[in-house]
Structure formats: structure tokens, C-alpha cells
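Read left to right, the sequence shown gives residues 1 to 80 (the numbering used here).
Worth double-checking, as some hints may not be accurate.
[Unchecked claim] So the derived label-pair ranges between C-beta atoms look like this:
1) I49 / A79: 42 to 48 Å
2) G16 / V58: 21 to 27 Å
3) M1 / N33: 29 to 35 Å
Keep in mind that the hints were calculated from the coordinates and are not lab data.
Quick caveat, the model's predicted, so the values are computed rather than measured.
Where a beta carbon is used, it is the ideal one built from N, C-alpha and C, also for glycine.
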Amino acid sequence: MKLLYIFLTLVAAVVGGYLIINDFNFDNISFSNYLINALFIILLSCLAIAGIFYLIAVKRRKNDRGIMTIRQYYQYKSAR
């Protein structure tokens with residue numbers, strides 16, 4: 001439900017931005033061009049944010065998780 005509110009807010013912001021830019025005059029052709037440009041910018045922004053989150057997740061991931069070194073193995077065996 002929260003996602004629906006986010007989308008409705010996004011639609012209201014896009015339409016409101018168009019009306020503010022064009023002095024509250026509505027024209028179908030110019031609105032279509034504005035909508036295509038706005039959605040393209042929103043798509044690129046979402047891709048950039050997703051890419052940043054992916055890079056952060058890859059950076060946090062350890063490659064040696066669950067793998068013991070030889071020293072750790074012998075310490076583990078001697079502790080028993």
C-alpha cells in the first residue's frame with residue numbers, strides 16, 4: 001500500500017511540475033513530450049540509485065566467508 005502512495009505522489013509531482021512550468025496551461029502534445037522526458041529522467045535516476053546500492057552490497061560482501069585458513073583450522077582442531 002505504501003508503494004501505491006509513492007506512485008500517486010510521483011504522478012502528482014509530475015503533473016504539478018508540468019502545470020507550474022507551463023503557467024497552468026494544459027496542452028496534450030507538450031504534456032506528452034514533458035511526460036516522456038520526465039519518465040526518462042526518473043528511470044535513469046532509479047537505475048543510478050540501484051547501481052549505487054548494488055556496488056555497496058558487493059563491497060560489503062566478503063569473498064572468504066566460511067573458508068578457514070590453515071592456521072585457523074589448526075587452532076580450531078587444537079581447541080577441541
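These are the hints, each one checked on the structure:
1. I49 / A79: 42 to 48 Å: Given range 42 to 48 Å: holds, Cβ gap about 45 Å.
2. G16 / V58: 21 to 27 Å: Since G16 and V58 have Cβ atoms about 37 Å apart, the given range 21 to 27 Å is violated.
3. M1 / N33: 29 to 35 Å: The hinted range 29 to 35 Å holds for M1 and N33, with Cβ atoms some 32 Å apart.
Checked against the numbered hints above, the structure breaks only hint 2 and satisfies the rest.
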